[in-house]
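Number of protein chains: 2
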Amino acid sequence: MSARRTELTRTAARLFAEKGYHGTSIGDLAEAMGVQKGSLYAHIESKADLLWEVAREGSAAFHAALDAVADEGPVVERIRAALRAHLRVVAEQLDVATVFVREWRYLEGERRDEFVTERRRYEERFRALFREGRELGELRADLDDATAALLALSAANWAYTWLRPGSETDELADRFTALLLDGMRGYASR
Amino acid sequence: MSARRTELTRTAARLFAEKGYHGTSIGDLAEAMGVQKGSLYAHIESKADLLWEVAREGSAAFHAALDAVADEGPVVERIRAALRAHLRVVAEQLDVATVFVREWRYLEGERRDEFVTERRRYEERFRALFREGRELGELRADLDDATAALLALSAANWAYTWLRPGSETDELADRFTALLLDGMRGYASR
DNA sequence: TTGAGAGGCTAACGATCGTTCGGAAGGTGG
DNA sequence: CCACCTTCCGAACGATCGTTAGCCTCTCAA
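For the protein sequence lines, the chains are A and B, in the order given. Take any residue in the first sequence, note its place counting from 1, add 34, and you have its number in this note's numbering. Take any residue in the second sequence, note its place counting from 1, add 34, and you have its number in this note's numbering.
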C-alpha cells in the first residue's frame, strides 16, 4: 500500500474517531488530506472501505497485543498482562481503538459480520483467562467468571473515552488489576 | 407537551440509539411516525432539538436515580444502591441511556457545554461515594478512589452495550458490587 | 526516450439532506 | 356558529452528500 494511501487511512481513523463515521464527509477527508474530494477515489472505491480498513486494523492490533501475552504461568499475571496490552493499544492507537469500540457498527453486510466475529473472539479470549483462573484455583472457587470478565472488559472498552496518549498505561492497568483481584474493602471489615 | 410530541421524542431516542444521530434522517423519523417529513416541523424547530431533549432526559433520569440513593448509612450499601439505580435506568430506558452515553457528543454549542457539565456532575457524585468510603474507613485506607470510581463507572457506562430490558438488574449490580468490594482472588492466595 | 502508472484537478451527476411554506382537515372552547 | 389550534399534506428550497468522468502532470523504470 502506497504512502499516500496509508496516510488516508490514518486521516480517516482520526476523523471517524473525532466526528463519527456519518459525521465525517468525503469532503472533510479530502480537506484534511489537502486535496479535492474527487481525488480520493484514486485510492479507495468507497467511503465504507475506509471504515472497514480502520476497523480491521483495530481488530488486528488488539488481537496482536493479546498474542504477546504468555499462555502459561500464573493466571493473575496473565490477566495483568492482558490489561496492560489492551490499554497500551488504546493509548498508542487511540483513533483506531475508538473506531474498533464505537464506530464499527456502521459497517454493513459481510464486513459487519466478520468484524463482529473477530470482536467476539477477542472478548472470548479475555473471558477464558478468568475461567481458567477459577479452574486452576488462582481465583476464588465461587467466582462468577462471566461477570468478572465483563467487569474487566468494561474497563478496557471504556478506556478510549478517557485515556490520553502518553499516559502511563502499564501503571493504570496494574491499578485496575489490583482492584479487580483484591477489591476495595478494608481488611478490617472483610 | 402534547402526546404526539412525546411520541416523537421517544421515536427519536429509539432511532438515535439504533442508527446514531447522524445516521438517522428526518425522513427516517417521519416514516417511523407515519407522517410526511415536513410535518415534523409542527413539533420541533430542528433535528438538533430532539437530540438535546433525549440527552436531557437521560441526564434527568440518571440524576433522579442517584437522588433516590440514601445519603447516609454504610457507604458500601450506598455504592450497591447507586449501581443498582444506574443499571435500572439503563435497562428501563435503554434508548435514552444510549443517547446519554454515546450520542450526546453530537450536541453543539451551549447545549453541549451544559450537557457535559451535568455529566461531569453525575460522575462526580459517583466518585464521592468511593472517596467517602475510604475516608470513613469502610474501604481500604490505601484505596486509589479515583481509579476505583473509574472502574465502577466503566461498568456502568458500558452497560448499554450488553444490558437488555428485562434483565434482573439488581442482581447484576450486586454481582458487580461484590466483585468490586472483595475482588476475584481466592482466599488461599490472598 | 518513451510509456505507464500514480496522484491530482475540475466539473458534474443524481440522490438525499434538513428545512420552509401555504393550505387544509379536524377537533375544541367560546 | 365561529374562531382557533393542532396536526398533517404536498411541493419545493438550496445545500451537501458520495461518486464518476475526462484530462493533466509528474516520476521512474524499461
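No wet-lab data here; the hints were simulated from the structure. Backbone N, C-alpha and C define an ideal beta-carbon position, used for all residues, glycine too. Accuracy of the hints is not assured; some may be wrong.
[Unchecked claim] Derived contacts from chain B toward chain A, CB cut-off under 8 Å, selection only:
{"#": "1", "residue": "Gly-54"}
{"#": "2", "residue": "Gly-68"}
{"#": "3", "residue": "Val-69"}
{"#": "4", "residue": "Ala-102"}
{"#": "5", "residue": "Asp-105"}
{"#": "6", "residue": "Arg-174"}
{"#": "7", "residue": "Leu-177"}
{"#": "8", "residue": "Thr-181"}
{"#": "9", "residue": "Leu-185"}
{"#": "10", "residue": "Ser-188"}
{"#": "11", "residue": "Ala-189"}
{"#": "12", "residue": "Leu-214"}
{"#": "13", "residue": "Asp-216"}
{"#": "14", "residue": "Arg-219"}
[What the hints assert, rightly or not] Calculated Cβ distances over 12 Å to all of chain B for the following chain A residues:
{"#": "15", "residue": "Gly-61"}
{"#": "16", "residue": "Asp-105"}
{"#": "17", "residue": "Arg-122"}
{"#": "18", "residue": "Ala-189"}
{"#": "19", "residue": "Ala-212"}
Legend entry - Hint numbers not upheld by this structure, sorted from lowest to highest: 2, 3, 4, 5, 18, 19
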